[in-house]
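With chain A's structure known, arrange chain B on it following the hints.
Protein chains in written order, with this note's numbering: chain A, 6 to 421; chain B, 6 to 421.
If you're looking for bench data, these hints aren't it; they were derived computationally from the structure.
Careful, some of the hints might be misleading.
Said to hold, decoys possible - Here are some, though not all, of the chain A residues that point toward chain B, as calculated from beta-carbon distances under 10 angstroms:
1) N43
2) G73
3) M134
Note that CB positions come from ideal geometry on N, CA and C, so glycine has one too.
2 protein chains.
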Amino acid sequence: MNRWDKTVVVVGGGFGGLRAVKALAKAHAKVLLIDQNNYHLFQPLLYQVATAGLEPEQIAKPIRSIFGRQGNFDFMMAKVEALDLSNRRISTTAGDLGYDYLILAVGASTWFPGIPGLAHHALPLKTLMDAISIRNHVLRCFERASSARDPQTQEALLTLAVAGAGPTGVEMAGALSELVRVVQRRDYPRMSSKAFKVMLLEAAGSVLPGFPQSLSQAALDILRRKGVEVRLGVSVQGFDGNILGLSSGEQVPCNTLIWAAGVKGQGLLQALGLQTSPNGRLIVEPTLQIPGHPEAYAIGDAAHFEIDGKTLPMMAPVAIQMGELAAANIMRQLEGERPLPFRYRDPGLLATIGKNAAVARIHGLELKGFPAWVVWLLVHLLAIVGFRNRLMVLINWAWDYLFYDREDRIIVDPRR
Amino acid sequence: MNRWDKTVVVVGGGFGGLRAVKALAKAHAKVLLIDQNNYHLFQPLLYQVATAGLEPEQIAKPIRSIFGRQGNFDFMMAKVEALDLSNRRISTTAGDLGYDYLILAVGASTWFPGIPGLAHHALPLKTLMDAISIRNHVLRCFERASSARDPQTQEALLTLAVAGAGPTGVEMAGALSELVRVVQRRDYPRMSSKAFKVMLLEAAGSVLPGFPQSLSQAALDILRRKGVEVRLGVSVQGFDGNILGLSSGEQVPCNTLIWAAGVKGQGLLQALGLQTSPNGRLIVEPTLQIPGHPEAYAIGDAAHFEIDGKTLPMMAPVAIQMGELAAANIMRQLEGERPLPFRYRDPGLLATIGKNAAVARIHGLELKGFPAWVVWLLVHLLAIVGFRNRLMVLINWAWDYLFYDREDRIIVDPRR
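Looking at chain A on its own, in the form it has when it is part of the complex (with noise of 0.2 angstroms):
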């Protein structure tokens, strides 16, 4: 059993975690992944699974299958409830363990501003569940609608809100136009098109702020082209699940609202008492090592990381090529080398409005729509874990784009 003297514990089993588990195969050491669920989640694609367009198990792969041949990998179930990083414990709802080497991939959850009603109305998507639930809900809102006799209870129920116009809300914006297109006209015909409506709030001046401007002003022609009603400079200013209130003072009948606006670092970071981002991350060392133990490591979303001033984005690439770093870096430390900084190959930026459209930049070069799309595509393809997923993924999508159908729109409401 113990053919290890050491353990690197891996907390989290997202991008950044698993990169991290396999760049440690040949690490002379123990590695165990911890993770509250049984899965890695592709979640570049939750929105399609929130827009009937992914089936959950497509973008889910069981992490034991992913690491089955690595000799030193074990897997635990569970939710960290505490880090006690100077004795070098962890407490789990599986028991308490402790650990030689540590990385921290706990990535981030949603954060809700304090506006009235938010919390408890507004809809996250950061989690599979939080996906399937938007799912069962918008479609539960047109079967209701279609029943539904007063004018402003069918507005309510056929106006879809998404408040951030980042890449994620762009995207759920994009296909949420598409699904209410396929189902007026599959499901609903005798409701008209026009009862439908996707609104993107954002409230700063421009979609994908932080995009390139040309590629934001692109992002902004497509979507309205797409009928996405975009109301840049509008912030959410209270929420009861049937009103929405917006700065601009307007009081929408609405009762879906997706809560693309901001994520914050976990409350188990905050709890450690060290130096965190406004948002709650944890300032990391050049090393991504945690300031005052060096065989402590953050890393993707749950770390903080500033280069020249500009802090990186949450998103996969990063967590990747830090998870890859913070490995390599324990195995200098177990031979007794001192760990690297950490060094960022910018892969560009990409993000994708509904079927046929996106708009990228790789390299310096800019592309909208179409072409843009197809790099999305195979960037995405490429991507994703498991030949199995990729294939089924594939057969998903060219049977959208085919046929424009959306099959997964069932609602499976396991709280009724």
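Just chain B, lined up with the frame of chain A:
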């Protein structure tokens, strides 16, 4: 709006209800289908979802997409709460309505006899959520077992019992034994394959009671070859979630009991005050009409029907043929003609036992093992609703067949 004077309401979108709606396409009446779910469930493959072989979306098809082009069709997603046959009124969670003709195709529900603890701790397999719950529960037991230290705790976590060796129980036990084998080898190589146990309990003296004796024997042999511990003449006396009490006096450490030992008619039917069978199904006229209510029909599992003193089994072919006749009889009544009596064309018997093996009787011909399994595969592929689903299911099966994987083994627990 009022192209039709008359309204036919079909309650229940199972096999019988769907066929009735389809057959009513040319009726000079509005056809309203009511179901509490927005999808048709392909129930014969439910055990595949429960054992991580298929995805929930692959055996569920949105009802509106099935009848999108049927001009006289409408759908209402609602739960029927009460029926008033005398006044031809239906109370639903989405409001009350009247009808001119009615087809009750409400199916059956799991019957838990008054055995201590059973209703609370045993797992039914009737709905899509039941199947997802079994998948979650079983996979979570394996995860817990991998870190359990107490031998009896581990034994209970790895003992999976199925009560009832009808087709559902046999299929479930066969599929569980394959799930166990894959999971042990791929995910838990450090646990012994002998630690896992699948038990099939049957109070009668043979598996598949009601099948010809030679097929029952063949099924028993196949199950045992697949490592299922089959216990005949043994019934459940109690289950508290940890200990399974058997009529043999044994107290088996066991956390999982799947209940496939009985179904009963829906409570809705029993509330009508009409004559029902001992298991709560409506006794119908030879024409499938409900006695005393010539405009109302009951079909499928909701109807108790005898031919030559033998009760028709509760399976899809019966429901489908009844749906066809009920629709035809209503169309006859609309034209002023008399309804015809039901004649059953027996399609045979079929039960699968995991991969590669089944037993079947078709037109007097008995098949066992691989040939029966090929028949089973063809019948189910041809029957499953919707072309894309069929393609996806085929790919999933081909994948399983070639690589013997269970890629859908993710735990998505909504109630957490």
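These are the hints, each one checked on the structure:
The beta carbon of N43(A) comes within 5 angstroms of a beta carbon in chain B, closer than 10 angstroms, and the hint placing it at the interface holds. At about 5 angstroms, the closest approach between the beta carbon of G73(A) and any beta carbon in chain B falls short of 10 angstroms, and the interface hint on this residue holds. Using the Cβ-Cβ criterion of 10 angstroms, the hint placing M134(A) at the interface with chain B is satisfied: the shortest such distance is roughly 6 angstroms.
Going through the hint list in order, the structure satisfies each hint without exception.
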